[in-house]
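Make the full structure from the sequences, and use the hints.
So the chains spell out like this:
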Amino acid sequence: MNEISEEKIQSVRNDFPILSRTIYGKPLVYFDNAATTQKPNLVIDAISNYYRNDNANVHRGVHYLSQQATGAFEEVRKKVATFINACNPNEIIFTRGATEAINLVACSYCETFLNAGDEIIISVLEHHSNIVPWQVACERKGAFLKVIPVTSDGDLDLTVFEKLLNEHTKMVAISHISNALGTINPISDIVEIAHQKNVPVFVDGAQGLSHGPVDVQKLDCDFYAFSAHKMYGPMGIGGLYGKTSWLEKMQPYQLGGEMIDKVTFEKTTYNEIPYKFEAGTPNVADVMGFGAAIDYLNQLGWDFITAQENDLLSYATARLQAIEGVKIIGTSEHKAAIVSFLIEGIHFFDAGTIMDHLGVAVRTGSHCTQPLMDNLGINGTLRASMAFYNTRQEVDKLVDAIHRVKTLFA
Amino acid sequence: MTIKETIDQLIKEFNQFDDWMDKYNYLIEMGRSVPLIDDTQKTDANLIAGCQSRVWLSSEYKDGLIYFTADSDAVITKGIAYLLIRVFSGHTPAEIVEAETTFLDLIGLKEHLSPTRSNGLLSMVKQIKLYAFAYQVKEKNS
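Here the protein sequences come in this chain order: A and B. Residue numbering for the first sequence follows the working numbering, beginning at 1 and increasing consecutively. Residue numbering for the second sequence follows the working numbering, beginning at 1001 and increasing consecutively.
None of these hints come from the bench; they were simulated from the model. Glycine included, every Cβ here is placed at the ideal spot set by N, Cα and C. One or more of the hints may lead you astray.
As the list claims (entries may be wrong) - Simulated pairs of lysine to aspartate or glutamate, EDC-like, Cα-Cα distance not exceeding 20 Å:
| no. | chain 1 | residue 1 | chain 2 | residue 2 |
| --- | --- | --- | --- | --- |
| 1 | A | Lys406 | B | Asp1039 |
| 2 | A | Lys406 | B | Asp1008 |
| 3 | A | Lys406 | B | Asp1073 |
| 4 | A | Lys26 | B | Asp1019 |
| 5 | A | Lys406 | B | Asp1019 |
| 6 | A | Lys397 | A | Glu75 |
| 7 | A | Lys146 | A | Asp374 |
Stated by the list, open to error - To list a few chain A residues with every Cβ distance to chain B over 12 Å, as calculated:
| no. | residue |
| --- | --- |
| 8 | Glu7 |
| 9 | Gly142 |
| 10 | Lys243 |
| 11 | Ile260 |
| 12 | Asn271 |
| 13 | Trp302 |
| 14 | Gly325 |
| 15 | Thr364 |
Here's what the structure looks like:
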C-alpha cells in the first residue's frame, strides 16, 4: 500500500497549474512525462521574473544587470554540478538539451579521437538521438557502430557487450533509462567493464535525471547528457557533464561568441572550459528556469519522488497485467515509471486516439526507437510514462480507458 | 454528386451525433466499406508517409475520372481514408485539384486535421491532390 497521503500528492499537484485543466471536458490525466514533464509554478515564475526584472546578456557587460545575470547564470551551473555531484562546475556545459549534448560529444570527441577502423558501441535500446550522431561520426571517419542486444525482458545483454569491447573501441554510448521500455541500465557495471579497456562511457541521461539521484562521480561515467524539460524545467535547455580531462582535450564544434579567447584574422584561440563549448548568447532565461526546477526537486526530495513513482509503477503494472489482451512490453526487474504496452488486435494509434478523448494522454508509436521496435518485431506501443504528481486514481482512469477502447474496437 | 454535395452530405451524417464516441463509432463502421486496395498494390510506393499506422492509397484513371482504393492497419485511419475516397473518388482531376479540403473540421473530427506526424490525414489529402494534379498534366499533354 502506498504510504504517501493523498493530501501530500494533492499539494504537489497544486504546484503544477496545467494539471487542473480539462481535455474534451474531462480532467487531464497526463501520462506522457517521458516526452516532457509539466512545469511547477516555481519554474514558470523564474522565467517570467527573469524577463520582467533581470534580463541582460551575460559575461560581457560592465553594467549592473549584466553582472547580476552572469552571477545568477553561473550559480545555476554550480547548482547543476552539485545536483549530479560533478567535481567542478566547469564540467557542466549548457546545451539546448540532451540531443545537442550528444551531438557535441559525437562531433568534438570523434573529431579528435575516432579514426578509420575504430568502433563505437551503442545498444538496441537507444533513442534515435543516441544513435544517429554516432552513426554519422562513424560514417565520416570510416569507423563502425557496434550494437549491444537486449533480452526479451528489455535488459542489455552484458555478456555480448564484453565480447564487443576490444582495442578498436573508442566510445560506449548508452542510455541511463530506456525511454521506450523504462529499463534502468546498469551504468556502473558498464563503466567498470569499459574502463578496464580504457574506453570512455557516454551516458544519455535524458530519462535518467528525473527519476532518481544521479552521482556522476560514483557512476564514474565520462560524459552525462540531460534535458531540463524532462525534469520539470523549461524546454530548450539542458546540459552535458564531461570529465575535465576529456573536455580539455576536445575541440569546440560550434564557434563564435563567448567561446573565444583572442581573435585575429590569422588565428583564434579558445576560452577555457566550459565556455569553449558555449558558442553564442546562451539561453539565460531557461537556465534560470532550470535552476528553479532543481530547487523544486531538492525541496520535494528523492525519497518522496522515488517512493511515489515506484508505487505508481507497481500499481500500473499489476492493473494492466490483469486486463485480458494487454501485453506489457519491457519487463526488466529494474524499471523507471514507464509502462509500454499493446492491446491485442487493436492498433496503438486507434487506442491512443480514443484514450485522448477520454482525457488520458499517452504516447503512441515507436518513441523514436525504431531499431528497438524492429528488434521486438512490432511497429510501436502505447506508453504510459508516469511522474510523482500522478495518482493511482489516474492509473484507474487509464485502465477504464483501455476497457472502453476494447469495447469500441471489439 | 459533386464534391461539395458529398461533403455537405457527410457533414449532415456526422452532425446527427452529439457524442464524439458515436462519431468515432460511425467512422469505424465506415472504414469497413473502404474500397480495398489490391494486395499487390500494397507497396512502399503507395504507402502514405508520416503516419503512425500504415496507410496505402492507390489511384486509377478511367474515362476522365479518378478512382481511389486504400487500406490501413488502423481502423480510425481506414475510416478517414474512406471519407476522403467517398468525397474524391469518381471525379475529374480538375475537380479534385480545385476542391476545398477543410470539411473534416465541420464534421467534428478536427483533431485529425492537426499537422502532427501521427495521423497522416494531411498526407492523404496531399497525395490525392498530387495524383489529381499528375493526371491533369497528363490530360493536357495527351
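Hints versus structure:
1. A:Lys406 x B:Asp1039: violated (28 Å)
2. A:Lys406 x B:Asp1008: Between lysine 406 (chain A) and aspartate 1008 (chain B) the Cα gap is close to 32 Å, so the pair fails against 20 Å, i.e. violated.
3. A:Lys406 x B:Asp1073: holds (16 Å)
4. A:Lys26 x B:Asp1019: Cα-Cα ~14 Å, so holds.
5. A:Lys406 x B:Asp1019: holds (18 Å)
6. A:Lys397 x A:Glu75: Between lysine 397 (chain A) and glutamate 75 (chain A) the Cα gap is close to 42 Å, so the pair fails against 20 Å, i.e. violated.
7. A:Lys146 x A:Asp374: Roughly 17 Å separates the two Cα atoms, so the pair holds.
8. Glu7: Holds, because the least Cβ-Cβ distance between glutamate 7 (chain A) and chain B comes to about 35 Å, which exceeds 12 Å.
9. Gly142: holds (30 Å)
10. Lys243: For lysine 243 (chain A), whose nearest Cβ neighbour in chain B is about 37 Å away, the distance exceeds 12 Å, so it holds.
11. Ile260: holds (39 Å)
12. Asn271: holds (39 Å)
13. Trp302: holds (34 Å)
14. Gly325: Holds: least Cβ distance 16 Å, greater than 12 Å.
15. Thr364: Threonine 364 (chain A) not clear of chain B: closest Cβ-Cβ about 6 Å, inside 12 Å.
When held up to the earlier numbered hints, the structure conflicts with 1, 2, 6 and 15 and fits the remainder.
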